[in-house]
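Undergrad: For reference, the chains in residue letters:
Protein chains: 4
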Amino acid sequence: MPIDIKTSFAFDLDRPTDLLLQFQAAAIPEQHIIDSDTWLTKAQHIANVPAQDAIGERIWIRADGPYKVDYTATVEVNRKVADVSGLNRLDPHDLPGEAVEYVFDSRYCQADRMHTFVDDRFGKYQGGEKVAAMRDWIADNFTYEAGTSDAKTTALDTFVERRGICRDFAHVMISFARAAIIPARYVSCYAPGVSPPDFHAVAEVFLEDPDLKGGGSWQIVDATGMADPAKTVKIGIGRDAADVSFLTTFGISSFRNSTVEVTETG
Amino acid sequence: MPIDIKTSFAFDLDRPTDLLLQFQAAAIPEQHIIDSDTWLTKAQHIANVPAQDAIGERIWIRADGPYKVDYTATVEVNRKVADVSGLNRLDPHDLPGEAVEYVFDSRYCQADRMHTFVDDRFGKYQGGEKVAAMRDWIADNFTYEAGTSDAKTTALDTFVERRGICRDFAHVMISFARAAIIPARYVSCYAPGVSPPDFHAVAEVFLEDPDLKGGGSWQIVDATGMADPAKTVKIGIGRDAADVSFLTTFGISSFRNSTVEVTETG
Amino acid sequence: MPIDIKTSFAFDLDRPTDLLLQFQAAAIPEQHIIDSDTWLTKAQHIANVPAQDAIGERIWIRADGPYKVDYTATVEVNRKVADVSGLNRLDPHDLPGEAVEYVFDSRYCQADRMHTFVDDRFGKYQGGEKVAAMRDWIADNFTYEAGTSDAKTTALDTFVERRGICRDFAHVMISFARAAIIPARYVSCYAPGVSPPDFHAVAEVFLEDPDLKGGGSWQIVDATGMADPAKTVKIGIGRDAADVSFLTTFGISSFRNSTVEVTETG
Amino acid sequence: MPIDIKTSFAFDLDRPTDLLLQFQAAAIPEQHIIDSDTWLTKAQHIANVPAQDAIGERIWIRADGPYKVDYTATVEVNRKVADVSGLNRLDPHDLPGEAVEYVFDSRYCQADRMHTFVDDRFGKYQGGEKVAAMRDWIADNFTYEAGTSDAKTTALDTFVERRGICRDFAHVMISFARAAIIPARYVSCYAPGVSPPDFHAVAEVFLEDPDLKGGGSWQIVDATGMADPAKTVKIGIGRDAADVSFLTTFGISSFRNSTVEVTETG
Numbered sequence: 209m210p211i212d213i214k215t216s217f218a219f220d221l222d223r224p225t226d227l228l229l230q231f232q233a234a235a236i237p238e239q240h241i242i243d244s245d246t247w248l249t250k251a252q253h254i255a256n257v258p259a260q261d262a263i264g265e266r267i268w269i270r271a272d273g274p275y276k277v278d279y280t281a282t283v284e285v286n287r288k289v290a291d292v293s294g295l296n297r298l299d300p301h302d303l304p305g306e307a308v309e310y311v312f313d314s315r316y317c318q319a320d321r322m323h324t325f326v327d328d329r330f331g332k333y334q335g336g337e338k339v340a341a342m343r344d345w346i347a348d349n350f351t352y353e354a355g356t357s358d359a360k361t362t363a364l365d366t367f368v369e370r371r372g373i374c375r376d377f378a379h380v381m382i383s384f385a386r387a388a389i390i391p392a393r394y395v396s397c398y399a400p401g402v403s404p405p406d407f408h409a410v411a412e413v414f415l416e417d418p419d420l421k422g423g424g425s426w427q428i429v430d431a432t433g434m435a436d437p438a439k440t441v442k443i444g445i446g447r448d449a450a451d452v453s454f455l456t457t458f459g460i461s462s463f464r465n466s467t468v469e470v471t472e473t474g
Numbered sequence: 209m210p211i212d213i214k215t216s217f218a219f220d221l222d223r224p225t226d227l228l229l230q231f232q233a234a235a236i237p238e239q240h241i242i243d244s245d246t247w248l249t250k251a252q253h254i255a256n257v258p259a260q261d262a263i264g265e266r267i268w269i270r271a272d273g274p275y276k277v278d279y280t281a282t283v284e285v286n287r288k289v290a291d292v293s294g295l296n297r298l299d300p301h302d303l304p305g306e307a308v309e310y311v312f313d314s315r316y317c318q319a320d321r322m323h324t325f326v327d328d329r330f331g332k333y334q335g336g337e338k339v340a341a342m343r344d345w346i347a348d349n350f351t352y353e354a355g356t357s358d359a360k361t362t363a364l365d366t367f368v369e370r371r372g373i374c375r376d377f378a379h380v381m382i383s384f385a386r387a388a389i390i391p392a393r394y395v396s397c398y399a400p401g402v403s404p405p406d407f408h409a410v411a412e413v414f415l416e417d418p419d420l421k422g423g424g425s426w427q428i429v430d431a432t433g434m435a436d437p438a439k440t441v442k443i444g445i446g447r448d449a450a451d452v453s454f455l456t457t458f459g460i461s462s463f464r465n466s467t468v469e470v471t472e473t474g
Numbered sequence: 209m210p211i212d213i214k215t216s217f218a219f220d221l222d223r224p225t226d227l228l229l230q231f232q233a234a235a236i237p238e239q240h241i242i243d244s245d246t247w248l249t250k251a252q253h254i255a256n257v258p259a260q261d262a263i264g265e266r267i268w269i270r271a272d273g274p275y276k277v278d279y280t281a282t283v284e285v286n287r288k289v290a291d292v293s294g295l296n297r298l299d300p301h302d303l304p305g306e307a308v309e310y311v312f313d314s315r316y317c318q319a320d321r322m323h324t325f326v327d328d329r330f331g332k333y334q335g336g337e338k339v340a341a342m343r344d345w346i347a348d349n350f351t352y353e354a355g356t357s358d359a360k361t362t363a364l365d366t367f368v369e370r371r372g373i374c375r376d377f378a379h380v381m382i383s384f385a386r387a388a389i390i391p392a393r394y395v396s397c398y399a400p401g402v403s404p405p406d407f408h409a410v411a412e413v414f415l416e417d418p419d420l421k422g423g424g425s426w427q428i429v430d431a432t433g434m435a436d437p438a439k440t441v442k443i444g445i446g447r448d449a450a451d452v453s454f455l456t457t458f459g460i461s462s463f464r465n466s467t468v469e470v471t472e473t474g
Numbered sequence: 209m210p211i212d213i214k215t216s217f218a219f220d221l222d223r224p225t226d227l228l229l230q231f232q233a234a235a236i237p238e239q240h241i242i243d244s245d246t247w248l249t250k251a252q253h254i255a256n257v258p259a260q261d262a263i264g265e266r267i268w269i270r271a272d273g274p275y276k277v278d279y280t281a282t283v284e285v286n287r288k289v290a291d292v293s294g295l296n297r298l299d300p301h302d303l304p305g306e307a308v309e310y311v312f313d314s315r316y317c318q319a320d321r322m323h324t325f326v327d328d329r330f331g332k333y334q335g336g337e338k339v340a341a342m343r344d345w346i347a348d349n350f351t352y353e354a355g356t357s358d359a360k361t362t363a364l365d366t367f368v369e370r371r372g373i374c375r376d377f378a379h380v381m382i383s384f385a386r387a388a389i390i391p392a393r394y395v396s397c398y399a400p401g402v403s404p405p406d407f408h409a410v411a412e413v414f415l416e417d418p419d420l421k422g423g424g425s426w427q428i429v430d431a432t433g434m435a436d437p438a439k440t441v442k443i444g445i446g447r448d449a450a451d452v453s454f455l456t457t458f459g460i461s462s463f464r465n466s467t468v469e470v471t472e473t474g
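Chains as they are written, first to last, in this note's numbering: chain A, 209 to 474; chain B, 209 to 474; chain C, 209 to 474; chain D, 209 to 474.
What the hints contain is simulated information worked out from the structure, not anything from laboratory work.
For clarity, every value in this text was computed on a predicted model and none was experimentally measured.
Errors might be hidden in some of the hints.
Where chains are identical, the list cannot tell them apart; a pair therefore holds if satisfied intra-copy or between any two copies.
[Claimed, not checked] Restricting the straight-line Cα-Cα distance to at most 20 Å, the calculated cross-link-like pairs of lysine to aspartate or glutamate (EDC-like) are:
#1 250 with 302
#2 250 with 344
#3 250 with 299
#4 360 with 320
#5 288 with 265
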């Protein structure tokens, strides 16, 4: 069942400014881009560069004045989705090199501060069951509430304040997993069912993959409960939200508006 | 002129524990490992994995009881060292994909909080001159003082408290560079002249390389003034200190001691 | 030359809620309240209690629905204003008991983190000259910019970010003074010349008073440069902004608007 | 049953330095000082000043070289101790002026960040029952562990890290109470049963006093469970630990050692 995506956002620049955009569905094996169109306001410079871990692309722009992005895509998601509770954790010493950086702390995910809590609360669970218990605990104890967090809000802040948006839920989920030495990363994505419709973010954890002898694979975990992993279209990944904004302005921009529509076509 | 390295460190584990070690000179084009020997206490599991950006290796260990690491190496450094003041900055939109993550914030480097200061203080300088001005400002305004910082200390803390060790100086340098949208990363290294002798850390910034038409390369910047870039032996790199510790214990270890000797043979 | 004050603010409560108001010119020796009128929406409970250090009053309200406060006053300020640069500091051991709490850290003023900076930058100055140097340094290095700080912003944040509003300037000034062991407190006030017109805040420092053999008195210091100490009408004082808000709601209120007019009558 | 106190602490100063000491049992109605002796190394200047809210005294010292304090006291505690669970809370608008500052945030107690958690977790309890539930929750969820916190550690840190010492337990208890708009303050004290024997700290909350028509009184709450309120000898009180250290050095001191013995004589 393909997913239809329609995005538009606009902003103003009052001088020539460098921008980084990352809003397109990533062309990766688990996602087949059936069709996609991107309209960008003309600019002095436009160049695509591979994004983190070669998942998706970033677009460098140098532009001035009003700027607008329109994007439509139809994507078939072929992701192998497992029930995380049924998966084992890989022992740290079995983690492949490329997963290691995702057990380390990052800008918004201070896992080092949460070891005692994570051991006390989730120590009795193993592997994927632990991840599921973390996800459920966040869902039970946090309120999804727009306007209660901002770009400075970290997982530690959210853990104390017990509220936030998808970005904040993902940061706490990632921090908990890393505190249990399970690699976890941040995924910006499109997903049907997100309410109100907007760019979405979820966590991904690296657990043993029964199909890969001794190896692991990434599994989506959404503590907000809004996204279905089987229908989530990934844009890009990173250590946390610092790495995958749909718009990073290296200068000053005035944001005008954005719309996001994600629907299942049947 | 080869650099001789002799390192030893020991710690105790009171149960089977996973460890990550990263202490060996990285085998990279700019460093020729003439000779090296590593002695590790026997362990249940030992496996090498590539480290961040394939610079150097990490060693996964699963061990129990007393553990000891001994390492000697002789390394010829063939690094092309430039005077950073003479180099240009690449415009953000000309940065290659792999350098982009190093303009983003990380655990210990909150560049987003330092834009106003960096613009006010260093706005008049361009490119490598700006980097040199940042380095000199840190050298002038910070006191190198062991025991004033710990594993929680961030660039923001150090900026306020005006003192710390190599790790803290590097974090501030990296944050300043990123606030000026110059990619910057953290380098753990061995360097003669470090006093007292110890593992060392410096920053690296990505600036235009006159030999690479429109491309850039990484240049070492040490705000402590202790390391000579031409004689610095890199172990590994990362976003900041969260990524490249010589010893990361996934559990509890009692550190016993470490010694580091780095000398120029000639 | 009397100061005319006209204030109005309104907010909505959607259930019976307790409020603390503190907006009236304090009746203290240095201020003669020539005339004043306060209109409060009727409420279930209204009671005045003395405010911190008996300077001014707080009003407890229990109310519901739309609420409005109107206040006018004409105040003659008879404050003895000294040029702080000409005053001596009292040695810590000569501080009276009631001034001691104002050398300690408070919610928004982490003076303990700023000792090294304050010693390095202002160590060469003594007493009131040191205070003046701090005030001038803040004025030179910080940008007054509404919307860049919020209720969570501390002196440490502002010191890093180099911008903010009167509240933030006062917090940094207070922290610097305390780091030099000069008692400093936060003063909410009305002052002509504040632009845009609004409730204002300044710091006060406790320095030797030449008229009081071995004793000290409080002197207003405004790092924003907007308030003239001789024309500043104090509302109340506290350790920092946590203690003297004009409106503290113990529950949820929707703020509608406020206006403040302060003029010199001639 | 009198309490015997025996304290000694020593430190070195390498130049003439101002100090503030606060280690003596407070002479307040609820504590009868049967007998007490204080020996202080001779100093250039020694002066007593009243401590916060006139509870106990602080001693200003100006001294140089080795310094030693010895103190013995026998104190009869006549405190009226109530079971806090049986007490009502005063409505905010019924709080007397002098209790108001203790609902505000302070250096180590960021109650403003904990409203959501406190409402979610303790919202179902009223008055003193709420205080008891907070105390029990802290006792159940936090580990008493020396060396896990330091002078920078705040209630927010401790809430995340779930461990600390008496100071940290008191800071979290105070923050929770204030988030529920119950005045709470920090009490430094001597108490038998503290293990290992040391200076101790507890919280005090302001609740309705059945003997005072509509008024309130302070009740000791110790989330560590070590101190019996009926046998706790108060030294002083403050907003938090920033206000009541037994030794505050305005300069540099090398701490040598301290001993504290508190016993019930029978």
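Undergrad: Indicate, hint by hint, whether the structure satisfies it.
TA: Hint-by-hint comparison with the structure:
1. 250 with 302: between (48 Å within a copy, 17 Å between copies)
2. 250 with 344: Neither: 46 Å inside a copy, 41 Å across copies.
3. 250 with 299: Between. Shortest inter-copy distance 19 Å satisfies the 20 Å Cα cut-off; intra-copy 50 Å does not.
4. 360 with 320: Both: 19 Å inside a copy, 9 Å across copies.
5. 288 with 265: neither (22 Å within a copy, 31 Å between copies)
Comparing the model with each numbered hint stated earlier shows that hints 2 and 5 do not hold.
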